[in-house]
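Undergrad: Make the full structure from the sequences, and use the hints.
Chains as they are written, first to last, in the numbering used here: chain A, 1170 to 1305; chain B, 1170 to 1305; chain C, 1170 to 1305.
Note that these hints are calculated values from the structure, not bench results. Fair warning: there could be bad hints in the mix.
[Stated by the list, open to error] Derived DSSO-like pairs (lysine-lysine); straight-line CA-CA distance at most 27 Å:
| id | chain 1 | residue 1 | chain 2 | residue 2 |
| --- | --- | --- | --- | --- |
| 1 | C | K1198 | C | K1210 |
| 2 | C | K1198 | C | K1177 |
| 3 | C | K1177 | C | K1210 |
| 4 | A | K1177 | C | K1177 |
| 5 | A | K1210 | C | K1210 |
| 6 | B | K1210 | B | K1198 |
| 7 | B | K1210 | A | K1210 |
| 8 | B | K1198 | C | K1177 |
| 9 | B | K1177 | B | K1198 |
| 10 | B | K1177 | B | K1210 |
| 11 | C | K1198 | B | K1210 |
| 12 | B | K1198 | A | K1210 |
| 13 | A | K1198 | A | K1210 |
| 14 | A | K1210 | A | K1177 |
[What the hints assert, rightly or not] Between beta-carbon pairs, the in silico distance windows are:
| id | chain 1 | residue 1 | chain 2 | residue 2 | range |
| --- | --- | --- | --- | --- | --- |
| 15 | C | K1177 | A | G1182 | 35 to 41 Å |
| 16 | B | K1177 | A | R1276 | 36 to 42 Å |
| 17 | C | E1191 | A | E1191 | 35 to 41 Å |
| 18 | C | E1191 | A | R1276 | 22 to 28 Å |
No residue lacks a Cβ here, since even glycine has one placed at the ideal position from N, Cα and C.
Given next are the chains, with one letter for each unit.
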Amino acid sequence: MVRTIEIKLPRYGRGYHLITAEIFARLPKLPENGLLNLFIKHTSAALTINENADLDVRLDFASFFDRVVPDGASYFRHVDEGEDDMSAHIKASLLGASLTIPIRGGRPDLGTWQGIYLCEFRNDGGSRRITATIVE
Amino acid sequence: MVRTIEIKLPRYGRGYHLITAEIFARLPKLPENGLLNLFIKHTSAALTINENADLDVRLDFASFFDRVVPDGASYFRHVDEGEDDMSAHIKASLLGASLTIPIRGGRPDLGTWQGIYLCEFRNDGGSRRITATIVE
Amino acid sequence: MVRTIEIKLPRYGRGYHLITAEIFARLPKLPENGLLNLFIKHTSAALTINENADLDVRLDFASFFDRVVPDGASYFRHVDEGEDDMSAHIKASLLGASLTIPIRGGRPDLGTWQGIYLCEFRNDGGSRRITATIVE
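TA: Here you go:
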């Protein structure tokens, strides 16, 4: 059996944001065993799983990815939508549009230190939509 | 219920190619709610989701990844299969072998601007095989 | 139907390790058609699929990722757990915490040259836990 839930996030600023609790609060009662897929319906934002405790990890993500994928790189052709647009597209594919997380004992089976990050790459990306799918 | 479909793509040249319509045309009638997994059975090509409108985005992907993962880097040990081989392996893992996409209302639930890219990293990679799996 | 299996790996040293056979040996009889999800419950290790034959590919992975994501980069703020910690977090998100692999004919449907890598980014990461989920 497969259930689908649409989640609309509030607007987040550019950066890496821990949204684990916000996502889980939107989910219905989960099965004993299953899979949870989270899919972001955008090409300039991403979802990833990483350390859920120290804000510095999320700040270091920004420092790293902004260095490796610079806004407005001189060789970008796709420049009409601003300097943060093409870099956002590349980061979106480096980090990925979806997560597939096991469900065990009626809960998402994340490790102790794992949290879900919304990666917002645009300076003003607006509200983002995620489709959550539960397979049981 | 799970169904499996094998898809053989024609030969594509090195680069990033929008294959959304080609993939969807090969799928059977989809369930109301479900998941679609696409898995490429190769280690020097990848699948990713990104902007489906402007060809320049795909050209910029090539420029970016060829800079970050240069063909024939001086420190590569795995060099017997050509200068584009080890770089292709690294790009394949950076972008990933599979996509998991929600199915809603009988259709793949992509965002308005999302399309599926075949990322072909070899100069002459030949035909590529994808396994599509539908969970309902 | 969804089944969940917990897999505890022995300690591996920093590097990229082919664990295909070790993972498959822990799985029960697989369905004719299905999906296998492997999810690593850590934020400083990852799973990826790549070339299963030449050890040099795995050594080149180490060379590449250690260059692109240097230990102890001068701009890292998250430094209390050692120089290999923040770099490990970034690599974990670049390569990803989970793999979703089709099952066909009762077997994981990997391509001829595809194998599963444990990517251990810490100098002393200890034993790692993976949740395997089988959907049929």
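Undergrad: Confirm or reject the claim that B:K1177 and A:R1276 have a C-beta distance inside 36 to 42 Å.
TA: holds (40 Å)
Undergrad: For the pair supplied as a hint, B:K1198 and C:K1177, is the alpha-carbon distance within the 27 Å limit?
TA: violated (39 Å)
Undergrad: Need the status of pair A:K1210, A:K1177: alpha-carbon distance at most 27 Å?
TA: Holds: A:K1210 and A:K1177 sit about 10 Å apart, inside 27 Å.
Undergrad: Between C:K1177 and C:K1210, is the straight-line Cα distance small enough, at 27 Å or below?
TA: Roughly 10 Å separates the two Cα atoms, so the pair holds.
Undergrad: Between A:K1210 and C:K1210, does the CA-CA distance stay at or below 27 Å?
TA: Measuring from Cα to Cα gives roughly 25 Å; hence the hint holds.
Undergrad: Against the range 35 to 41 Å, how does the distance between the Cβ atoms of C:K1177 and A:G1182 compare: consistent or not?
TA: holds (40 Å)
Undergrad: Would you check the hint for C:K1198 and C:K1177, treating anything up to 27 Å between C-alpha atoms as holding?
TA: This hinted pair holds, its Cα atoms lying about 19 Å apart.
Undergrad: Mind checking the alpha carbons of A:K1198 and A:K1210 for me, to see if they're no more than 27 Å apart?
TA: Roughly 24 Å separates the two Cα atoms, so the pair holds.
Undergrad: Does C:K1210 sit within 27 Å of C:K1198, going by the straight-line distance between their CA atoms?
TA: holds (24 Å)
Undergrad: Tell me if the beta carbons of C:E1191 and A:E1191 are separated by a distance inside 35 to 41 Å.
TA: holds (36 Å)
Undergrad: Is A:K1177 within 27 Å of C:K1177, Cα to Cα?
TA: Cα-Cα ~36 Å, so violated.
Undergrad: Mind checking the alpha carbons of B:K1210 and B:K1198 for me, to see if they're no more than 27 Å apart?
TA: Holds, at about 24 Å.
In summary, the structure is inconsistent with hints 4 and 8 from the numbered list given earlier, while agreeing with the others.
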